[in-house]
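Protein chains: 2
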Amino acid sequence: MASRLVFSVCWFVLLLSSVCGGRRLRGESTALTLESVRKFLTREEDSIVFSLIERAKYPRNAPAYDPSYLGRATKFHALSLVDLFVRETEAVQAKDGRYQNPVEIPFFPKHMTLTSVPPYNFPNELHAAAASVNVSNTIWRKYFDEWLPQITSQGDDGNYAPTAAADLVCLQALSRRIHYGRYVAEAKYREAPQDYNTAIRAKDRDALMKLLTFESQEDAVKRRVEEKAKVFGQDVTLGKRVDDSSNATNYKVDPVVVYRLYGDWVIPMTKMVQVEYLLRRLD
Amino acid sequence: MASRLVFSVCWFVLLLSSVCGGRRLRGESTALTLESVRKFLTREEDSIVFSLIERAKYPRNAPAYDPSYLGRATKFHALSLVDLFVRETEAVQAKDGRYQNPVEIPFFPKHMTLTSVPPYNFPNELHAAAASVNVSNTIWRKYFDEWLPQITSQGDDGNYAPTAAADLVCLQALSRRIHYGRYVAEAKYREAPQDYNTAIRAKDRDALMKLLTFESQEDAVKRRVEEKAKVFGQDVTLGKRVDDSSNATNYKVDPVVVYRLYGDWVIPMTKMVQVEYLLRRLD
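Taken in order, these protein sequences are the chains called E and C.
Here the first sequence is numbered in UniProt numbering, starting from 1 and rising by one per residue.
Here the second sequence is numbered in UniProt numbering, starting from 1 and rising by one per residue.
Bear in mind the hints are in silico, worked out from the structure with no lab data behind them.
In this text, all values refer to a predicted model and were calculated from it rather than measured experimentally.
Check before you lean on any hint, since a few could be wrong.
The list cannot tell twin chains apart, which means a pair is met if one copy fits it or any two copies do.
As the list claims (entries may be wrong) - The calculated lysine to aspartate or glutamate pairs, modelled on EDC-like cross-linking and capped at a C-alpha distance of 20 Å, are:
#, residue 1, residue 2
1, K210, D145
2, K252, E44
3, K188, E88
4, K110, D219
5, K110, D145
6, K142, D206
7, K252, D157
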């Protein structure tokens, strides 16, 4: 218990130190630009669509999410296999330094072990405020409750560990994308701080949200991820390419669901992260 | 040390029991057919190509493979970060039951922990011989020494844990595909046992290899995975689809490398697994 507390404290100190250089770097020139942000987000779309397709390879596999499944077999009565799997896998990845990079945020920071690898000098591109912007709990809940049922078919094939591993890849990709809102906001702020300062000082969320909203851009992103779900989720056969008129059932994950995943959730959540970050940007 | 020995023995018993039903089932009708095998292998191609593209997102990241990198920081002087990462991640996945399914084979069986999930009744489709057909060491060596340098660019971005996680997904997909040769051989054997019995009794590897070789089929598979590398590895933009005449540098992993990965390695290794399985099929 005591050692767990020490780990948690050390983890928080590590997290804080990994982003707190932002204050020092404010105004300095780093690699973070609107162009680098756009490139990162576009590449992450591929990772997200791949991860959803790989999760959809397995059926729902409900026992992996049911705490009573492990209740008889372990001492962790209130935890599901996926809960335990993610906790323990994140602990291995933390030990190997995954969360030294502030782009990566764990779902179970309280259960982190200390990293055992030498420190790596990741660029400090964020304001210290970034450490307190965290929507992991919401991502976890929405992924499992709302989106997972829409990308998987009913059924149980017993592959619970590969299923949990596929879920973790989805969760990590979605979390990285959504929490990257901190970088998006920082890049936008650096581009034109005067546009944001008044709204930040007035703590005006609506004004900030308005400043951050570009509907035509969002529409293009939604249509592009839908297209990616078609291209990556088709059955590739020699001498034949995907056809827009194809029936949706040919795709491994429904492109319309991916369109809505972005439109109803990923984009709004990323913007919420941007607003929360900007509200603390002048602290 | 003693507990590790107990774990190893238990793991071996578990592995053996998970496949030894094959002897009982010989001749019984199960879901394993040439059609189901073909379907599985085709779907695995997508997983393999996705995993290579996701690994190629990170540069080489040489420190992850260099035992001296961890030498100063841990007691495991002779192990690299990737060695440790895969061992510990496999242990988590073993505990959650991954290797109850004989389709999945760990790279570090000696370091497995016992599963803590209830047993799942996976179909026993293989002869007991399957338990002794294992080319994991070769897969590990060839992946890191020969193929990884061809799918990654030089460089070091410090993301060693995500890199190791991406390597593990590649390794698991490649291992599942190559070791699926046991199922391929079983399906072929059930289709026409008389075609194989003479060569098996004579322990004639060359004759078996000849019986298992269909060059036109292999050629189609190679061309299809090359096509998948183009389709899945393109930069998808709205209103534009992949074009065969595109320059290879547009793809996230070189399609020609994927063609050779299959032609020079994955297909021959799968056939080797088939031969080794068949040689034991009448034991």
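Tested hints:
1. For the identical chains of this complex, K210 and D145 are neighbours neither inside a copy (29 Å) nor across copies (52 Å), given an alpha-carbon limit of 20 Å.
2. Proximity of K252 and E44 under a CA criterion of 20 Å is satisfied in both settings, with 19 Å inside one chain copy and 13 Å between copies.
3. When the C-alpha separation of K188 and E88 is checked against a cutoff of 20 Å, the pair qualifies neither within a copy, at 36 Å, nor between copies, at 40 Å.
4. For a Cα distance limit of 20 Å, the shortest separation of K110 from D219 qualifies neither inside one copy, at 38 Å, nor across copies, at 51 Å.
5. Taking the shortest alpha-carbon separations for K110 and D145, neither the intra-copy value of 23 Å nor the inter-copy value of 37 Å comes in at or below 20 Å.
6. Within a single copy, K142 and D206 get their C-alpha atoms no closer than 23 Å, and across copies no closer than 55 Å, so neither meets the 20 Å cut-off.
7. For the homomeric pair K252 and D157, the shortest alpha-carbon distance inside one copy (17 Å) is at most 20 Å, but the shortest distance between copies (32 Å) is not.
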